[in-house]
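Participant: Keeping their order, the protein sequence lines are chains A and B.
The opening position of the first sequence corresponds to residue 1 in the working numbering, with each subsequent residue numbered one higher.
The opening position of the second sequence corresponds to residue 1 in the working numbering, with each subsequent residue numbered one higher.
Simulated from the structure, these hints should not be mistaken for lab results.
A few of these clues could be false.
Copies of one chain are not kept apart here, so a pair can be met inside one copy or by any two copies together.
[Said to hold, decoys possible] Within a straight-line C-alpha distance of at most 25 Å, the following computed SDA-like cross-link-like pairs (lysine to any residue) qualify: (1) Lys122 - Leu101; (2) Lys229 - Val46; (3) Lys122 - Ala214; (4) Lys64 - Asp273; (5) Lys269 - Asn163; (6) Lys53 - Gly18; (7) Lys201 - Ala275; (8) Lys105 - Asn25; (9) Lys189 - Ala161; (10) Lys122 - Ile176; (11) Lys122 - Ser108; (12) Lys53 - Ala93; (13) Lys64 - Ser200.
These numbers come from a predicted model, not from an experiment.
Chain by chain, the residues run as shown.
There are 2 protein chains.
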Amino acid sequence: MAEAVEFSKSPAEVLRVGSGFSLENVDPASTPGYRGVKADGQGLLVAQDARLKELQEKLFAEGKFGSTKRLLLILQAMDTAGKGGIVSHVVGAMDPQGVQLSAFKAPSDEEKSHDFLWRIEKQVPDVGMVGVFDRSHYEDVLIHRVHAWADADELERRYAAINDFEARLAEQGTTIVKVMLNISQDEQKKRLLARLDDPSKHWKYSRTDLAERAFWPDYMDAYNTAFGKTSTDIAPWHVVPANRKWYARIAVQQLLLDALEGMSLEWPKADFDVAAERALVQAS
Amino acid sequence: MAEAVEFSKSPAEVLRVGSGFSLENVDPASTPGYRGVKADGQGLLVAQDARLKELQEKLFAEGKFGSTKRLLLILQAMDTAGKGGIVSHVVGAMDPQGVQLSAFKAPSDEEKSHDFLWRIEKQVPDVGMVGVFDRSHYEDVLIHRVHAWADADELERRYAAINDFEARLAEQGTTIVKVMLNISQDEQKKRLLARLDDPSKHWKYSRTDLAERAFWPDYMDAYNTAFGKTSTDIAPWHVVPANRKWYARIAVQQLLLDALEGMSLEWPKADFDVAAERALVQAS
C-alpha cells in the first residue's frame, strides 16, 4: 500500500475556534490542513485506525490502575451533517469495551424537571473510557435559543454553567474534544433528498428536520454565540468542514489522536513479580 | 479478492448443545462445519462484516418504528478464552449506536443485596438494539457452584429462574444467542504465559485467573450442568471451540448472522408521502 497522505497542519490548530471566529467565514467544502484528495483521506482513515485503537486501549488500561484520565468527544451539528458517520467510522474503530456512547434526544419529562446538566452528568465517561456525546448540553443553548425556549438571562446562566461543568470535568482528568460538523445549507438539501430517494434510508428521514432547516440562519447565530461563550482553553471548539464526509472523518480522527497523544499514556507496570508468576503458571 | 470460504455446515446446528452433550467430547482446537484454514477464516470475517452491519442497522431501524425485536448475545468462558476479541473483532464491526455492551464483573454490595437477576434485568437490550453480555447471570450458577457459594437447592432455583427470565425476554421479542467459548487448559496456560511475556499485556494479567484455573474440572462440571439445565429451544447454548481465535470469531459471527436472518428484518416503510416531501425539501 502507498504511504498515507498525512495532515500538513494540525486540525487541532487550524480548526480551533479562536476570537473573532464566525461560521460565515468558513467554507464547509474546504479541507483545512489537508492537501490530499478523497482517496488519500480514505487511506489515512484506515491507516490510523490501529494507532487510535492502541491509544484507546492504553487509556483503558491506565484506568484499571488508578489513573483518572478519560476522553470526551462532544459532537454537535445540523441534521444530516454526519454525526452518525463519525460514530460509525471513526469511533467504531476503537474497542467497544472502551467506548461509552450517549445520544441525547429530546429530554424526558423527568429530565426536563431537573437542571439541563442533570442528564448530562449521568453520562460523563468513567475513568479510562472514551465518552462520545451525540448531541449534548449544547442543545440547551442552541435549539433553545433558536426557539426562544430560554430567555437571554437563562441562556447566560447556561453558558456559565457549561463552562463551570466542563472545567470540573477537566479537573477530574477529562480531556474534552468539542466538534461542530459544519455543512452548508445546500449540502443538507442534497442529503435530505438522497434519503428520500433511497427506500433503505426513509427511516432516517424526519419531517422535523425540514422544520428546523427553516431556522438555518438562527442556528448559525446560536452556534456563533455559543462558540464565543464556551470555546475555552480547557475545552476549545473545533469547527470541522463537513460537506466532504471523508475530510470530516479524518479531521475528527486526528483530533482524537492528538488528544490521546497529549495524555502521556503508558502501559501500566506490573504490580507483581513477573518471573515468579511465570513459574506459577508454568507449574499449573 | 478471492471468494471467501464459507461454512459447509451451519454453526447454529453443529455447535448447538443438545441432549447428552458433554464438554469432554469436544476438541477445543477443532473447527466444526468449516473446512478452510486460518487465512480463509480471516477473509470470511472481513467479507461478512458489511452484511452483519446491514442486518444490525435494519434491526435498529425497525426498532424506531414500533418493532419489539432485539438481539442478545451472551458470552461465557474461562479467562483468556477470547471474549474480548469477539467483542472487538465481531461485535466491533457493527455500528456502536446499535450496540449495548454490558460487562458483568463481581457484583457490588447493592447488587448482592438483590436477587441475582436484578442487575441483569437492568441491562437487557432496548428495542432495535444488539445487547452483548460479557459474562452474565450464568456466573451465578458457574463460579457460585464451583466455590459452593450457593447450595444445591439455590442452584436449582437459579436454573429455573434463568429459564423463566430468558423465556420472558423471548416473549418480549428478544432473540437470544448463548455462546460458551471453549478453550483447553493447555491453551489457557499458553495465553497466560503470553500475557506475562508482553509488558503491554501485563495489565490484563490477574492473579485471580490463576487461582480459578486450579478449579478447571469443577468449572467444566458446572458448565456441563448449566448446559443440561438451560439449553432450551428458545435459548439454546452453543459451545464454540476457541483454541483457534480465528475460528471462534467466524463461528460467533455466523451465529449472529443466522439469528438476524431469522428475524425477517425489513427496512421500515415511509409513513409520509415521499413525493410530497421531496417537493418540500426541494423548495426549502
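Participant: Tell me, please, which holds for Lys201 and Ala275 at an alpha-carbon limit of 25 Å: within, between, both or neither?
Facilitator: Classified as between: cross-chain Cα gap 15 Å, same-chain 57 Å, threshold 25 Å.
Participant: Since the copies are identical, ignore which copy is meant and state whether Lys122 and Leu101 lie within 25 Å (CA to CA) inside a copy, between copies, both or neither.
Facilitator: both (12 Å within a copy, 17 Å between copies)
Participant: When no copy is named, should Lys122 and Ala214 be tagged within, between, both, or neither for a Cα gap of at most 25 Å?
Facilitator: neither (33 Å within a copy, 40 Å between copies)
Participant: If the cut is 25 Å between Cα atoms, do Lys189 and Ala161 qualify within a copy, between copies, both or neither?
Facilitator: Classified as neither: same-chain Cα gap 35 Å, cross-chain 53 Å, threshold 25 Å.
Participant: Within, between, both or neither: how does the pair Lys105, Asn25 come out at a Cα-Cα threshold of 25 Å?
Facilitator: neither (30 Å within a copy, 51 Å between copies)
Participant: Checking an output row: Lys53 and Gly18, CA cutoff 25 Å. Within, between, both or neither?
Facilitator: Neither: 30 Å inside a chain and 39 Å across chains, both beyond 25 Å.
Participant: Given identical chains, is Lys122 near Ser108, meaning Cα to Cα at most 25 Å, within a copy, between copies, both, or neither?
Facilitator: Both: 14 Å inside a copy, 19 Å across copies.
Participant: Checking an output row: Lys229 and Val46, CA cutoff 25 Å. Within, between, both or neither?
Facilitator: The answer is neither: 35 Å in one copy and 45 Å across copies each exceed 25 Å.
Participant: When no copy is named, should Lys64 and Ser200 be tagged within, between, both, or neither for a Cα gap of at most 25 Å?
Facilitator: between (42 Å within a copy, 14 Å between copies)
Participant: Using 25 Å as the alpha-carbon threshold, which applies to Lys53 and Ala93: within, between, both, or neither?
Facilitator: both (7 Å within a copy, 14 Å between copies)
Participant: Please sort Lys122 with Ile176 into within, between, both or neither, judging by C-alpha distance up to 25 Å.
Facilitator: within (16 Å within a copy, 29 Å between copies)
Participant: How would you classify Lys64 and Asp273 at a CA-CA limit of 25 Å: within, between, both, or neither?
Facilitator: Intra 18 Å, inter 53 Å, cutoff 25 Å: intra-copy only.
In summary, the structure is inconsistent with hints 2, 3, 5, 6, 8 and 9 from the numbered list given earlier, while agreeing with the others.
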